[in-house]
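**Q** Residue numbering for the sequence shown follows this note's numbering, starting at 1 and increasing by one per position.
Accuracy of the hints is not assured; some may be wrong.
[Claimed, not checked] Ranges of calculated distance between the beta carbons of each label pair, as one might list FRET restraints:
hint, residue 1, residue 2, range
1, Lys-118, Leu-25, 19 to 27 Å
2, Ser-223, Leu-270, 37 to 45 Å
3, Trp-74, Leu-231, 29 to 37 Å
4, Ile-282, Tyr-348, 31 to 39 Å
5, Val-139, Ser-223, 52 to 60 Å
6, Ser-99, Ser-223, 25 to 33 Å
7, Ile-267, Ser-46, 16 to 24 Å
Please keep in mind that the hints were generated in silico from the structure rather than gathered at the bench. These numbers come from a predicted model, not from an experiment. Idealized CB from N, CA, C, for every residue including glycine.
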Amino acid sequence: MHRSALMHSYSAYSHRSQEIWAWLLIPFTLWICVSVSVRYGAYGNSNLPLGPNSSRLFKASSIFVQQIQVKDDWKTGVSVYGFSEEPELSLQINCWNFSRFLHARPYRRQGFSLWLNKGSMIQMKWAAHVSDFNDMLVVLYKGQHNFATLEPVTAPAGSIFSSNSTDGTIRRTQVKYLIDESYNYYICVINMKARPIVMKIDVNVSSTMYDIRKANNKCSTVSGLCQVNLLFPKQQFLVLATPNNGDINGWYIELSFVARVITYIAILGLLVIFLSLILKYILAWETSRNMETIPEVRSVNETYPLIPPAAGKPGSFIYGTGDEDDLESQASNSSDDLYDGKICVICYDKQRNCFFIPCGHCATCYPCAQRIVSEGESRFCPVCRRLIHRIRRLYNS
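Given these sequences and hints, build the entire structure.
**A** Structure follows, in structure tokens:
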């Protein structure tokens with residue numbers, strides 16, 4: 001007896017713990033998804049290449065972002081401008097250039113990243129020894145990826161101009177590109193020889209800039225970290241502008257978005273409530289499906305005819321003892337019926353007319369089975385003590 005009681009309490013505890021973990025798994029999973037989206041999603045931290053004398057537009061929703069932070073480790077003086085409406089590209093074009101010698105290692109590439117807005121123009125000139133010229137490539141790529149996945153910039157017809165000239169042992173080439181899409185571009189020098197190559201490259205850039213005259217606020221990274229607070233619930237536009245100074249390699253800006261935690265908590269709460277209602281509806285639907293109303297089976301006694309009388313014909317006469325004798329005979333034979341598996345083991349009154357799923361034991365009548373299932377802590381089969389998922393009626397043929 002003590003062993004069965006301990007097993008019953010352990011099964012009930014295990015069932016309750018499984019239900020608790022099932023309900024806790026939903027918000028835990030959603031919280032992980034929200035945390036990952038905040039850290040690595042659309043408003044995750046990023047390290048951006050800009051280039052001198054350029055401007056880049058960003059937009060952020062103040063519903064999800066509370067503050068934007070701009071960090072410039074090189075202290076080049078990046079300016080951040082805030083707008084309530086999207087600014088337009090102005091007709092002003094800022095020109096800047098740089099020139100340097102490159103030492104390209106064997107079978108390697110070397111280059112620079114910069115941001116160019118639509119309508120900008122870039123002109124590249126490079127010179128190398130005649131013996132090395134055919135084994136090197138100087139190209140302009142959109143984006144900055146691995147060499148296998150690089151794609152050249154797509155420009156309309158007539159937007160690429162090139163010219164070649166040879167002066168003794170030095171060969172020179174000039175190429176001009178018109179930018180038709182605001183994007184990050186990569187100037188790449190590729191050495192396809194088994195020995196190093198020394199070359200000189202000159203780059204002239206005419207970049208289009210955003211109009212910053214209607215900016216609502218402004219901050220600079222000269223004094224350190226630049227922070228811009230976003231007004232809830234409006235959408236904000238930011239323009240990052242760089243001056244014409246510093247090295248081409250020193251224009252990497254760290255952009256950070258401080259999430260509005262209350263928004264993510266509210267979304268998480270709504271998702272938990274929504275999923276809880278769905279699970280509750282599914283459980284209620286399954287319970288109503290398993291406990292659907294079925295016509296009561298008429299009890300069979302000694303006076304019930306084996307073949308029911310046909311319609312319009314007189315019923316058969318009953319001979320022998322009446323109902324009082326039937327009650328006495330049922331009382332005297334109750335122990336035999338219980339032993340033979342006919343009487344309910346709970347009420348000892350009605351016949352067994354249902355079975356449990358998944359164990360399949362037939363030990364009670366349907367009303368007693370309903371009472372067992374309706375009690376949350378004792379939904380266990382009285383024979384094998386397994387958890388009852390549902391019950392099914394047995395119909396007399």
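**Q** Is 19 to 27 Å respected by the C-beta to C-beta distance linking Lys-118 and Leu-25?
**A** 48 Å, violated
**Q** Given the range 31 to 39 Å, decide if the beta-carbon distance of Ile-282 to Tyr-348 lies inside it.
**A** 37 Å, holds
**Q** CB of Ile-267 to CB of Ser-46, is that within 16 to 24 Å?
**A** Between Ile-267 and Ser-46, where Cβ atoms are some 23 Å apart, the hint holds.
**Q** In this structure, is the beta-carbon distance linking Trp-74 and Leu-231 contained in 29 to 37 Å?
**A** Given range 29 to 37 Å: holds, Cβ gap about 30 Å.
**Q** For the range 37 to 45 Å, tell me whether the beta carbons of Ser-223 and Leu-270 fit it or not.
**A** 41 Å, holds
**Q** Quick one: are Ser-99 and Ser-223 within 25 to 33 Å, going by C-beta?
**A** 32 Å, holds
**Q** Could one say that the CB atoms of Val-139 and Ser-223 fall in the range 52 to 60 Å?
**A** 39 Å, violated
Hint check: violations occur at hints 1 and 5; the rest are consistent with the structure.
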